[in-house]
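Each protein sequence line maps, in turn, to chains A and B.
Numbered according to the numbering used here, the first sequence spans residues 517 to 764.
Numbered according to the numbering used here, the second sequence spans residues 4 to 667.
Don't read these hints as lab results, they were simulated from the structure.
The C-beta atom is built at its ideal place from N, Cα and C for all residues, glycine as well.
Please note that the accuracy of each hint is not assured.
Unchecked claim - Stretch-level coverage of chain A by chain B, calculated; a stretch enters the list once three of its residues show a Cβ under 8 Å from a Cβ in chain B: (1) 560-573; (2) 576-582; (3) 747-760.
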Amino acid sequence: MKLYLKIWRQKDASSAGKIVDYTLDGVEGDMSFLEMLDILNEELISKGEEPVEFDHDCREGICGTCSLQINGEPHGPDRLVTTCQLHMRKFNDGDTIVIEPFRAKAFPVIKDLIVDRSAFDRIQQAGGYISVNTSGNTVDANCIPINKHDADEAMDAATCIGCGACVAACKNASAMLFTSAKVSQFALLPQGRVEAVERVQNMVRQMDLEGFGNCTNTGACEVECPKGISLTNIARMNREYLSATLKG
Amino acid sequence: MDSKIPSGPLADKWTKHKNDINLVNPANKRNIDVIVVGTGLAGGAAAATLAELGYNVKTFCYQDSPRRAHSIAAQGGINAAKNYQGDGDSNYRLFYDTIKGGDYRSREANVYRLAEVSGNIIDQCVAQGVPFAREYGGMLDNRSFGGVLVSRTFYAKGQTGQQLLLGAYSAMNRQINRGKIQAYNRHEMMDLVLVDGKARGIIARDLVSGEIERHSAHAVVLATGGYGNVFFLSTNAMGSNVMAAWRAHRKGAFFANPCFTQIHPTCIPVSGEHQSKLTLMSESLRNDGRIWVPKKMEDAVAIREGKLKPTQLAEEDRDYYLERRYPAFGNLVPRDVASRAAKERCDAGFGVNKTGEAVYLDFASAIKRYGKEKALTSGLKNPDEATIIKLGEEVIEAKYGNLFQMYEKIVDENPYKTPMMIYPAVHYTMGGLWVDYNLQTTIPGCYAAGEANFSDHGANRLGASALMQGLADGYFVLPYTIGDYLSHDIRTGKIPTDSAAFDEAEKQVRDRMEKLMGGSGIHSVDYYHKKLGKIMWNKCGMARNAKELEEAVKEISDLRKDFWENVKVPGTIDSKNQELEKAGRVADFLELGELFAKDALHRNESCGGHFREEYQTEEGEALRDDKNFKYVAAWEFAGEPKDAKLHKEDLVYENIELKTRSYK
């Protein structure tokens with residue numbers, strides 16, 4: 517199929533960017549979206565132009581490196597997939613596809629379609645852990661039984677890949693879904709309860725410091741999340757936060 | 004080769020060694036710097052633990068965050084000899100299975116230590132909040148993996164690697180927050196710096212600004228993963244590369260058993276020339292999936308032409324070839340055996356997709372079995388067929404839902420309704436930097452952990468053992484053994500970066516990049532990478548022979564020459580430049596590939612993942628030669644890969660009797 521691509525090009529963080537038009541022929545349905553961009557880049561390189569830079573790594577939907585706002589949607593039109601797992605069979609011959617970086621104040625553009633998501637790391641550094649050293653003397657793993665339902669729910673929250681689609685989808689560029697996924701995972705496990713009060717306060721404080729917006733419960737994040745992280749996590753984080761505030 | 008294996012009985016070696024080695028007191032640890040390159044399971048775990056102990060740690064990764072390291076893609080699980088299932092598991096049994104699975108080409112003492120610390124890994128991860136799968140009673144659940152007769156694999160759905168990596172990442176984050184780890188993300192190690200023969204730092208490139216940086220430390224840990232991407236198509240991440248290990252090799256670290264590569268039997272088949280990477284379908288699927296091809300050639304042809312559907316084929320017309328050939332282990336034979344068996348059937352003309360390179364992985368009988376069980380436990384007396392299938396599909400979805408979804412997105416077929424198509428693909432490299440018992444390479448102060456070293460998996464790795472080894476090295480081995488070395492550095496003080504050694508290393512890095520940019524500009528980096536991959540897959544893949552390996556050595560050498568003359572790298576050195584990043588990595592693959600072929604050529608036997616067509620039994624099984632090849636081949640760099648000098652570390656088996664591996 518033949519595609520008309522409108523791609524955001526930006527030299528570096530301090531330069532202005534713009535949309536540039538490209539026409540690409542010979543795209544097949546079995547190609548992934550990123551393989552389509554690979555082909556475009558091969559063409560650009562052979563013409564002596566600079567290829568379009570985009571973030572990607574595992575190309576199997578788990579590392580969270582790939583991003584892209586495709587026709588206005590993070591990770592494109594398909595549900596529950598990252599861009600690397602989006603296949604061109606979802607598009608038709610003659611389609612125009614607009615490809616932009618994830619847009620948020622807290623995700624500055626580095627080059628072309630690459631954004632800086634280190635704000636997410638800093639939120640995790642503020643409290644996304646359980647303070648336990650590697651000693652070899654921790655209690656036996658089966659010492660504390662954990663209700664299967666709680667363990668499964670913790671796992672569902674923990675599957676967040678930190679891609680930032682939730683932020684890109686949100687009209688407020690809020691990172692509540694991302695932050696709440698980690699808060700929830702630990703809130704649901706006995707090991708995480710010990711530091712629950714400090715964790716939620718520190719992580720929310722960092723989230724605000726990074727310049728992410730507030731949550732107004734539109735639910736766009738949940739719809740666009742490639743891993744199906746549930747809004748319930750935001751509700752749970754709000755409850756954790758409230759109870760932490762009451763406990764002081 | 005001095006592997007520094009402690010004396011004494013096997014089970015006491017690690018404890019004795021820990022008691023014997025030198026320690027660094029807490030006050031002195033604060034004056035010692037350690038660089039950790041790579042932040043996957045091994046590197047992330049090592050960095051966190053070293054920082055907890057009090058060392059000043061700098062981490063480096065090419066990804067934008069440590070959480071993205073490719074350990075994250077590991078699906079199925081992590082082994083540990085906990086014996087929670089009461090099925091007779093023990094440290095010894097895990098040790099035995101691993102040595103046997105590795106086809107008797109790994110070190111007894113290292114593997115026993117791995118088994119010994121495996122239980123602790125699970126305890127540690129649970130304490131960190133890793134949400135492993137649990138049973139209704141609240142206890143941890145287990146499943147079974149290939150090459151073993153017990154259930155010792157712990158898992159978190161089909162995302163075990165992700166959860167363990169996020170555990171290590173969280174431990175790192177705690178130390179970053181305390182200021183004990185400085186994380187340099189989007190940074191690539193360009194070279195290792197040696198001062199007076201010791202590893203004392205690295206030259207790194209900031210991948211955003213293009214800036215070249217000098218970083219010094221008292222020791223350097225390389226936890227940079229495997230080199231499967233030398234094949235271009237593999238299940239590795241696009242950025243996975245051999246650069247750090249290869250740079251160390253060029254500076255004097257021996258490279259061990261490069262030809263020991265794991266070709267994983269259950270990957271999604273190649274769909275076309277545009278393909279950039281391959282996707283694994285977890286080995287855990289072989290717990291419930293049955294592998295087959297049609298029994299009759301005419302059925303295989305009809306299926307390939309789209310005239311027949313696999314679900315239309317009667318049970319008696321299917322060849323469940325693993326169950327037929329290996330009744331004791333069936334679909335759960337080790338990976339090398341399963342891969343070769345798939346290749347054998349496809350080469351014989353029974354492949355089931357357009358290219359003839361695919362076999363079926365079928366869940367129909369598991370769906371029925373689980374459906375019946377679920378109907379009974381749900382109190383349904385006489386459920387109809389449709390209800391049973393519906394219930395069974397729900398059970399399968401709970402177990403493998405994410406894998407089934409991934410398959411459907413890629414292949415555009417529903418694997419609940421029609422069998423999956425799978426084919427072997429490059430997945431893991433058992434070879435790597437040679438290390439002694441302390442995980443130190445042949446360069447003093449340079450350590451290698453996880454997939455980057457060679458030590459534990461011999462010629463074939465068992466499923467769910469990579470996560471175990473990465474975390475064992477990172478959490479429980481390296482942070483202690485490195486102390487013995489660092490105890491001699493308590494009076495050294497900070498290592499300056501303005502020395503001649505750093506000047507020279509930085510100059511070499513700059514020269515090399517300029518040379519890459521200065522090619523005549525005919526072909527892109529990918530053009531060369533794909534060509535290299537084709538040579539590797541066709542001549543150094545699942546079956547190898549002397550003639551083709553000789554050709555491979557020559558072809559790779561020629562391709563490398565062509566690359567340096569004609570590669571085209573757009574952009575500039577001093578800015579973000581993904582093509583330049585790729586070019587540096589492919590340049591090293593073009594050297595490693597040649598050594599790989601040379602190693603495969605010299606090893607005149609078949610063992611594990613290394614199958615030489617000249618050395619096989621009448622039934623087509625691998626034929627080992629313990630008399631002549633019971634050693635680790637450690638290669639010393641000597642200018643060109645083909646001139647590398649061979650050093651042998653004889654493998655001594657005091658606790659296990661060498662046998663022909665049988666899974667029948």
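Results for each hint:
| no. | hint | in the structure |
| --- | --- | --- |
| 1 | 560-573 | holds (count 10) |
| 2 | 576-582 | holds (count 6) |
| 3 | 747-760 | violated (count 0) |
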